[in-house]
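Asker: Here the protein sequences line up with chains A and B, keeping their order. First residue of the first sequence? That's 0 in numbering that gives the first Met the number 0, and the numbers climb one at a time after it. First residue of the second sequence? That's 0 in numbering that gives the first Met the number 0, and the numbers climb one at a time after it.
I should point out that these hints are in silico values taken from the structure, not numbers from a laboratory. Beta carbons are placed, not taken as given, at the ideal position from N, Cα and C, and that holds for glycine. Take the hints with a grain of salt, since some may be wrong.
[Unchecked claim] For each label pair, taking beta carbons as the anchor points, the in silico distance ranges come out as: (1) A:52 - B:332: 29 to 35 angstroms; (2) B:332 - A:45: 20 to 26 angstroms; (3) B:292 - A:45: 31 to 37 angstroms; (4) B:156 - A:45: 28 to 34 angstroms; (5) A:45 - B:41: 26 to 32 angstroms; (6) A:52 - B:110: 27 to 33 angstroms.
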Amino acid sequence: MFNGAPGMIRTCDTRIRNPVLYPLSYGGCKRKSDTIVVMLLSSSIEPLIILDY
Amino acid sequence: MTTDKFNPKNLLAIETSCDETAAAVLRDGRQLMSNVVASQVHIHKEYGGIVPELASRHHLEDIVRVVEKALLDANTDRSAIDAIAVTQGPGLVGSLVVGLSFAKAMAMALGIPLTGVNHLHAHLSSVFLCEHPPSFPFVGLVVSGGHTNLYVVNDFLSVELLGQTRDDAAGEAFDKVAKMLGLEYPGGPIISQLAEKGDPCAFSYPRAKLPKTPLDFSFSGLKTSVLTSVKKLSGQGPLPVQDICASFQEAVVDVLVKKTLSAAKKYHISRIAVTGGVATNSRLRAGMAKETQKLGYKAYFPYPELCTDNAAMVALAGYHQIKAGILAKEDADVYSRLPLLSI
């Protein structure tokens, strides 16, 4: 006894599944490598800001 | 949820409420060790505004490396983090979910406390990230693309709402006027730049007074007035874009300065903090500084880099919440609307 199609999932054909269900995930633009901006440059030990409150 | 009080040594903060993925490490509540922001502005620029679905998907792509960089810059690692603060709202739900899920999973895996921070409370806290911060109480204006709110801030965890915008936020009005004039997104920086060469008295744009709730703001009438003048002038030669920008900016700044000073006078408070993305506007900074000086008051602004969304401000607000024992439960959720009426 089994449920659904034997030996496979219902959306096993990823060629169909991916573009239909996740269009942006797989068709998105490539990321630029410089998107991370360090707002204030830091050394490895010294704090960026010492808060005075 | 309130539990035992705890003083975190190394607090990791995460902010993903809109289109910036950010992480920061705060040591002993006073030393900002790192502050990393991955901006998506170049992605949303071509659409003329933020596309929520794209924003959340890019948060997913960026969050791991942003947090890793924040830990690396702080010369620490996950094992040294003893508390996490994360923005819980208000903001874009899809974006907030990424930050909160990440923070919850990390807190659970490390067995450390988590606190959910209101984004507006974080902006108000950002004024302590300047060289000479104000003492309590002070009047705090949060002015950004999503908010224009006035508060009395009595303590790190004691805030009272005085007024807010009835329609558009000031930053949103900048973006919409920029669109009317065919300028790029985000509108604030480019309008400010063009306004420098224009005449602020060229057009007499309206200032909403709202007599029944005088500390509330409204920018929709101003926006419509700009649209009307643009339509009227179209077809009569080149648009006087610089004059329109200068007059529009003057109207926004005028209202923000007058209402903030009016709140300060009403509550007899001489310290005024201006926070949020629009606080980078040089005309607003100059106008607020000049008018406060006339009254013997003082205006405080965070560093311009810390006016826009960042995790350093979330860290500071979160630190004081954790110290007071205000922790998030395991089923904590995100909220697109999370009014900061009072704490």
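Asker: Hint by hint, which ones does this structure get wrong, listed from lowest number up?
Answerer: 2
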